[in-house]
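Read off the chains here:
2 protein chains.
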Amino acid sequence: MQVVRTVAEFREARRRLPAPVGFFPTLGYMHEGHISLVERARRECASVVASIFVNPTQFGPNEDFSRYPRDEARDLAMLEGAGVDLVILPSVEEMYPAGDVTRVRVPGLSEVLEGKRRPGHFEGVTTVVAKLFGITEADFAYFGQKDAQQLLIIERMVRDLHMPVTVVRCPTVREADGLACSSRNVYLSPEERAQAVALWAGLRAAEAACGAGERDTDRLRAVCREQIEARPLASIDYLSLADEQTLEELHGLVERPALMSLMVSFGNTHLIDNITLHP
Amino acid sequence: MQVVRTVAEFREARRRLPAPVGFFPTLGYMHEGHISLVERARRECASVVASIFVNPTQFGPNEDFSRYPRDEARDLAMLEGAGVDLVILPSVEEMYPAGDVTRVRVPGLSEVLEGKRRPGHFEGVTTVVAKLFGITEADFAYFGQKDAQQLLIIERMVRDLHMPVTVVRCPTVREADGLACSSRNVYLSPEERAQAVALWAGLRAAEAACGAGERDTDRLRAVCREQIEARPLASIDYLSLADEQTLEELHGLVERPALMSLMVSFGNTHLIDNITLHP
Chain A
0 MQVVRTVAEF REARRRLPAP VGFFPTLGYM HEGHISLVER ARRECASVVA
50 SIFVNPTQFG PNEDFSRYPR DEARDLAMLE GAGVDLVILP SVEEMYPAGD
100 VTRVRVPGLS EVLEGKRRPG HFEGVTTVVA KLFGITEADF AYFGQKDAQQ
150 LLIIERMVRD LHMPVTVVRC PTVREADGLA CSSRNVYLSP EERAQAVALW
200 AGLRAAEAAC GAGERDTDRL RAVCREQIEA RPLASIDYLS LADEQTLEEL
250 HGLVERPALM SLMVSFGNTH LIDNITLHP
Chain B
0 MQVVRTVAEF REARRRLPAP VGFFPTLGYM HEGHISLVER ARRECASVVA
50 SIFVNPTQFG PNEDFSRYPR DEARDLAMLE GAGVDLVILP SVEEMYPAGD
100 VTRVRVPGLS EVLEGKRRPG HFEGVTTVVA KLFGITEADF AYFGQKDAQQ
150 LLIIERMVRD LHMPVTVVRC PTVREADGLA CSSRNVYLSP EERAQAVALW
200 AGLRAAEAAC GAGERDTDRL RAVCREQIEA RPLASIDYLS LADEQTLEEL
250 HGLVERPALM SLMVSFGNTH LIDNITLHP
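Protein sequence lines, in the order shown, are assigned to chains A and B. Per numbering that gives the first Met the number 0: the first sequence = residues 0 to 278. Per numbering that gives the first Met the number 0: the second sequence = residues 0 to 278.
So that you can see chain A by itself, here it is in the shape it has in the complex (with noise of 0.2 Å):
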């Protein structure tokens, strides 16, 4: 595995590289999550590429950037093991050079739900996520189900922008009780982190219950709420049932497969999930 730290030598490395070329950009901080994508693409293309950048315009002011957890040496065995043949390390200067101010952005998708608590969260994920499209020349891009916000809007940037890269969604992974995958789990508390299944307990809930024939939105949204209300650490900060596409909040009757996501606290840690209803 090579490992480069400019967009320069990354370009020489990858001219070197059979196609096709997937590529799987992440934060750093691997799980299991992580590697279950890299081992994806690794059977889906030729060569694998990864990125490890924490994007700072992807963090508000008041959120964790500067705490985010870091671990080099450990991602790079991870990604190694995995079979990933090129990997960029880039600093902040190398992905935004002096006097960068170009933003792409998705309107309408980046302002509900997540964006709607992170306010130009979407917008930094949109811009770095095309700046790492630009570097790696991506046949594939390996994304996670958990983000399933942040996968429609990358696919709708793709799409709009016509970029030559095919976007693979990857299921998401959980942990043995069901907790999804997240380099923020570390955060949590021995309690808070007990109590975190609340989010997968409250979609399995809603989903159990729409396999028993409930439609109506609302009460798909309370069976969900419940289970997050039963843990006392845990504090909801939004709960959506919404349209698949467009992500507009559902009411009245469920009548097609449906996007249950919500966003919980424990603390200062924000934890994300989300289910696909199929009435």
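Don't take each hint at face value.
Said to hold, decoys possible - A partial selection of chain A residues facing chain B, derived with a Cβ cut-off under 8 Å:
no. : residue
1   : 39
2   : 100
3   : 105
4   : 119
It should be emphasised that the hints constitute simulated quantities derived from the structure, not laboratory data. These figures come from a predicted structure and were not determined experimentally. Just so you know, even glycine gets a beta-carbon here, dropped at the ideal spot from N, CA and C.
Given chain A's structure and the hints, the job is docking chain B onto it.
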């Protein structure tokens, strides 16, 4: 020369073209200035691709989108004559698929000079150029220096987003009396056409004054303005002497190469031109 109308057909044909691929984007209604760009691409690249697309998002609501001159048969003959291999003439729906929302913007540079007179214009330009770069996967892209602000903005976008394309600046092509070639010149009445030499006359006068030692920015602008004001049908929209990189208006003395640019109206026809002054 192969002519296609969809992105899928373009990608299919593009795969067979030898690298490097040069790209020439145009709104159509070709003139000599366009052809000089194609000829340069022809000399420098193994393959040359072009697009003809009157992009609605770069026209304001009161601008000339609907009456912008179009002549597809003539354009195609000229492109073929100049040695283009592949040309795409996409529909608006092909470029902006249903639900399209993504926009690329270069704040600051896009809001001065022409951008101040045409709100949203440059966001339309950067968005469509990003789309065209995504479609064509060009190695080199050819733009004329006549649209100096557009060129600067596109260069900034390419640099900031690490797009894998090299932007090539091409000198402005002029008619016999010095008027910059432009598709909009056809809008001019014979009287207006005769007086439209004012732009070049003004720029040349400022260049001569600078060459003779004049460094005062107000006086350099005044030298240019005099030439325009001597033509009764000409009306100045803006006349700027600005930093070549930031487009910040200059005051006091010129100390580095600086961009003198202007927009002048003849009736409803807005013409632009520019020159670099070398103190």
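How the hints compare with the structure:
no., hint, in the structure
1, 39, "24 Å, violated"
2, 100, "5 Å, holds"
3, 105, "5 Å, holds"
4, 119, "13 Å, violated"
This entry does not satisfy hints 1, 4, going by the numbered hints stated previously.
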